[in-house]
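> In order, the protein sequences belong to chains F and W.
Under our numbering, think of the first position of the first sequence as 764, with each following residue one higher.
Under our numbering, think of the first position of the second sequence as 199, with each following residue one higher.
FYI, nobody ran anything at the bench for these hints, they're computed from the structure.
Wrong hints could be hidden among the right ones.
Derived contacts from chain W toward chain F, CB cut-off under 8 Å, selection only [as the list claims (entries may be wrong)]:
| no. | residue |
| --- | --- |
| 1 | Asn208 |
| 2 | Ile210 |
| 3 | Ala213 |
| 4 | Ala216 |
| 5 | Thr224 |
| 6 | Phe227 |
| 7 | Leu231 |
| 8 | Leu232 |
| 9 | Gly234 |
| 10 | Leu259 |
| 11 | Gly263 |
| 12 | Gly268 |
Now the in silico label distances, taken between C-beta atoms and shown as ranges [as the list claims (entries may be wrong)]:
| no. | chain 1 | residue 1 | chain 2 | residue 2 | range |
| --- | --- | --- | --- | --- | --- |
| 13 | F | Gly1111 | W | Glu239 | 54 to 64 Å |
| 14 | W | Ala267 | F | Ser890 | 28 to 38 Å |
| 15 | F | Ser968 | W | Ala266 | 34 to 44 Å |
| 16 | F | Arg1116 | W | Tyr270 | 45 to 55 Å |
| 17 | F | Arg799 | W | Glu239 | 20 to 30 Å |
| 18 | W | Ala256 | F | Ala1056 | 33 to 43 Å |
| 19 | F | Thr1096 | W | Phe206 | 41 to 51 Å |
| 20 | F | Gly1111 | W | Gly263 | 47 to 57 Å |
| 21 | W | Val211 | F | Arg1116 | 41 to 51 Å |
| 22 | W | Phe206 | F | Ser1006 | 34 to 44 Å |
Note that the structure is a prediction, hence the values are computed from the model and not measured.
Note that beta-carbon positions come from the ideal geometry of N, C-alpha and C, so glycine has one too.
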Amino acid sequence: MDDLVLWIVIATALAFDFTNGFHDTANAVATSISTRALAPRTAVAMAAVLNFAGAFISLEVAATVASGIVDAQLITPSIVFAGLVGAITWNLATWYFGLPSSSSHALIGGVAGAAFAAQGPDAVFASGIVEKVAVPALVAPVLAMLTAGTAILVAYRITGRVRPGSASRGFRLGQVLSGGLFSLSHGTNDAQKTMGIIALALIASGHLGAGEDPPLWVVVSAASAIALGTYAGGWRIIKTMGSRIIKMDPAQGFAAQANGAAVIFSATAVGFPLSTTHVMSGAVIGAGAAKRASAVRWGVAGNIVVAWVLTLPAAAAVGAVTYAVVWLLGAETVGPVVVAAVLLVMLGYALARRLAAGRSLTAAG
Amino acid sequence: MIVFAVTFENLIVVAVAAGVAGVGVTAVFSLALLGGARSLEHRREGRPALGWTILAAAASLGVLGFAAAGIYAVAAL
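Build out the structure end to end from the sequences listed, making use of the hints.
Take a look at the structure:
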């Protein structure tokens, strides 16, 4: 039974990874699609392949996510399961409303909420929340906004006397390259969070020693899940990121993507857990505001910031409630099985209704 | 428990590296565009274009260098 619960946790972690890719596709492809640098399906296919490849580049972030936020000694597979349910719920809710929010913060919130409900306040490190959520949440969008804003001014200055048609064609080509780099950095950064969470479950169940790298099958399955999710494409968020925050030209799209990738690569290199969503949203706003502050739809940007602020507490609340239900049913035995079965039935029902209504699974309805 | 603390030093490293890489790659790519466009125009008009062609080629190499440095930085650590 213990192993059954562990496999349920791993399957749920991969489901979260899928929603992470699906939710964050916009970060990599929205600007390219918006400026017509790439056709939508080509963009998501390229992003999926590069996300897969990126997952194999480094294990640095996996090491940071698996520790520091909660006390690994007190974590059980059921807590990890409840946390993942909280994160998946928040990802689906924000996708429904077309809001680009952080999957990483949803994951951290869900696990912290479940750990708090299960073990009390001692299981959650407040310093970890501050260091890995609060500080990066402030730093990521501001840094990306400043660098993208500076970069677009430099780009306009240099290419100001190039014929607009030539410049646009060139920047569209640049977007293909920078979008590719961003996808690679996303795979490097985000697939590892799922690897980290699976590693946490394996450590909690005694299948992996603390401090050991995740085994290869964890790396391959996490890379595959995020790539499949990316290919599915969260079109509602792509629309928000690509055209609802600013109406961008190819130069802005290039500056946003190149600077987003630069911030993510820099952060990943030192194990600094930034949210790719915060980075890309900040870069898009920076590239728009540097040209003209009124070009940014600040109402949309404000809604996005509200979603960011709510991510951690909302995912934590769902994680805590899920753990309570799992605990009532039997935390280490039937609880996760029953909750997973109920969630699968609900998800299947929602998808069946969507298909019956003649809509695709992921396109905006 | 904390494997990688989010220290002030890390923050500064990320800010400087991201600023240099992001603004740098955008500037270098823009120079490649400028060089390429000017080189084409000059050749079409029968004027000397070697300088612009060299600028375009050097800047293109710079873009590739930035991309390679980014991937290397992540892979090496």
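> Tell me the hint numbers this structure goes against, listed in increasing order.
2, 10 and 11
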